[in-house]
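Engineer: Sequence:
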Amino acid sequence: MIEMHGSYDLALVVLSYGIAAIASLTALDLAGRIRVSEGVATHVWLAGGAFAMGTGIWAMHFIGMLALNMPVSFGYDMSLTFVSLTAAILASALALSIVQSGALAMRRLAFGGIVMGTGVCLMHYVGMEAMQTQGALTYRPLLFAISVLIAVSASVVALWLAFRLNSGMAGRRSPFWQRGMAALVMAIGITGMHYTGMAAAIYPPGVMLETTGGVSPDHLAVMVALVSTCIMLAALMMSIYDAHLSSRTARLADSLQRANRELKDMVYRDQLTQLPNRLLLEERLDSLLTQAADQPDGFAVFFVDLDRFKTVNDSLGHHAGDELIKQAASRLQAAVRETDTVARVGGDEFMVITGIGAHREVVTILAQRIVRSLSKPFQIDNNVVRVSSSVGVSLYPEHGKDKHELMIHADAAMYCAKDMGRNNFQFFEQGMTSIAERRTLLESRLRLAIENDSLMLAYQPKVNVATGKITGVEALLRWNDAELGFVSPDEIIPVAEDTGLILPIGEWVLRTACRQSKAWYRDGHEMMPMAVNLSAVQLNNRHFVTVVRNVLGETHFPPHCLELELTESAIMQNPDHALLILRELRELGIVLSIDDFGTGYSNLSQLKRFPINRLKIDRSFMAGVVSNNQDAAIVKAVVALAHSLNLEIIAEGIETEEQLAFIKQLQGHQYQGYLCSKALPAEELGEFLAAREPVKA
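Under the working numbering, the very last position in the sequence shown is 697; numbers go up by exactly one each time.
FYI, nobody ran anything at the bench for these hints, they're computed from the structure. Certain hints may be false.
[Stated by the list, open to error] Below, computed lysine-lysine pairings styled on DSS-like, alpha-carbon distance capped at 27 Å:
id, residue 1, residue 2
1, Lys401, Lys376
2, Lys664, Lys469
3, Lys678, Lys469
4, Lys326, Lys376
5, Lys403, Lys469
6, Lys678, Lys664
7, Lys469, Lys326
Note that this is a predicted model, so its numbers are computed, not measured.
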């Protein structure tokens, strides 16, 4: 057989490859849109994508055929041309359907590649048959087989790339450069199959141009190139724009999810420590109660309160208080187990709930660990801060069967721990709720007493041991409430310190005592030195020296007649800060004394650092000096210490002549006690002074 040969137009060959690349890029992009679409949108993208992709492949095929320059011209049969276009669209629809969802297993990939490759071959060879010739086209078997193999291989690669580049998270597109490179690879396969198929064709001689029912090749080239390119670019632009909207929607959705998480954290988390707050704690407690209802073992609820936390806030500032809270939260988390929950439920209050199965022995160990960890010094900036904790514990189901009961009982046990001296833990016991209720009532009544100015002062004389002359008085707080009756200072002071009420009370006591001493002076008595007890909260308050200076200025009370009494424990809470405050007070001329000496730290190395004038021996030692050798030895040692440090000695609780003789023998300086007088109201003490010592005219 005589064969007819032709040559290729390089420009049209390049154009065909370009259209194949655009078709491949469109296919990859549309595959991603179909994969992330849902409902009707999936079918719309599938139909539009198949049409655009099929049109592109078909356009590449015919432009490639038009690139072949033959000695004679020929036309194309429109029906077969339409069939070839349909085959390209169906093959594209199959490809997009395969990558639409699910995993692309090897069997599925192979089957899809064969079917899609067959569709591409059908499109190509039906398009070849659309050429209007006088004789039939024949094909070289080897090249024909190679073209089919290329079609199937290219289809497999195309399916794999489309799936691979669109198998990430929903809404996440692969980078454009990856899709572009993949499109160029796919275009090589598509054009390779086409030109191999063209090379396989054997054209009969005498091909004639058919004008009837045919389309001009030049017109066909222009029409195919323009229409197909417009269709593919339109589809590609729509896909890119839709992807942009989807990406924006995804970003907005991510932002909304982040905002929801942040909002949830704000609702359920303490912002300072990032611990669960009371709301989240109660939800977890509800869940724990539900689980524990079907199990024989119980769990525990801890209520942890930092002792004298307000002192740190007042002395070092709120930033130091915040840092203390954060460090305490870290220590609590380190002290408990991973199955336990730590929450911050108040300013200086934390709660811990254990997992199910925490027996009393385990709970005891946890409570000891918590108390021990919080009793160690905290380093805050350049300050060493010492606080302690009071811990209350309630057990499920022994101490309660609902969350409110368990929390209330743990809270009551915590207040009992405070009343037991702080820095300890207590399990809930019957009767503790009444103690907690009284404490709550006492706080509210105390606030009312401050507002109504219903607190009182009583004054106990101080007496010179050698001469018997009254040398001054000590102001003592008294409160007789209409509802609670007489409330002792031992009950008032802890509540006042914990609530911060000690600051206004302390200032009121100082001002009232100074005014009263001035009033006695105006009545003709000598200027009476006044001793006022000082709380650790006052000592650590940043404004305390200013308060004292203002009171002295308002009352015109001589600073050397004012004596401030403080305990060793108050000094040792923050010794460096205390040293600065005491030095300022001494510079004002104020007398300083250590009250209840021997009952606190009794740290002699620390004591000599402070500008102290006097030591007061606690009444608990003086009560037994006559009958108890050990008490007598302690008092003798304290007096000897005071003499060695050039400090005055004041003995408290002197009730008998024997006790007075004992302290006189040790060369004590002053004493207080019932032997002279109990604490008296201001008017009665004025009468007592007038009867004991003549009033100056």
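Engineer: All the hints need checking, so say for each whether the structure fits it.
Structural biologist: We went through each hint and held it up to the structure:
no. : hint            : verdict
1   : Lys401 / Lys376 : violated, 35 Å
2   : Lys664 / Lys469 : holds, 14 Å
3   : Lys678 / Lys469 : holds, 16 Å
4   : Lys326 / Lys376 : holds, 15 Å
5   : Lys403 / Lys469 : violated, 62 Å
6   : Lys678 / Lys664 : holds, 20 Å
7   : Lys469 / Lys326 : violated, 55 Å
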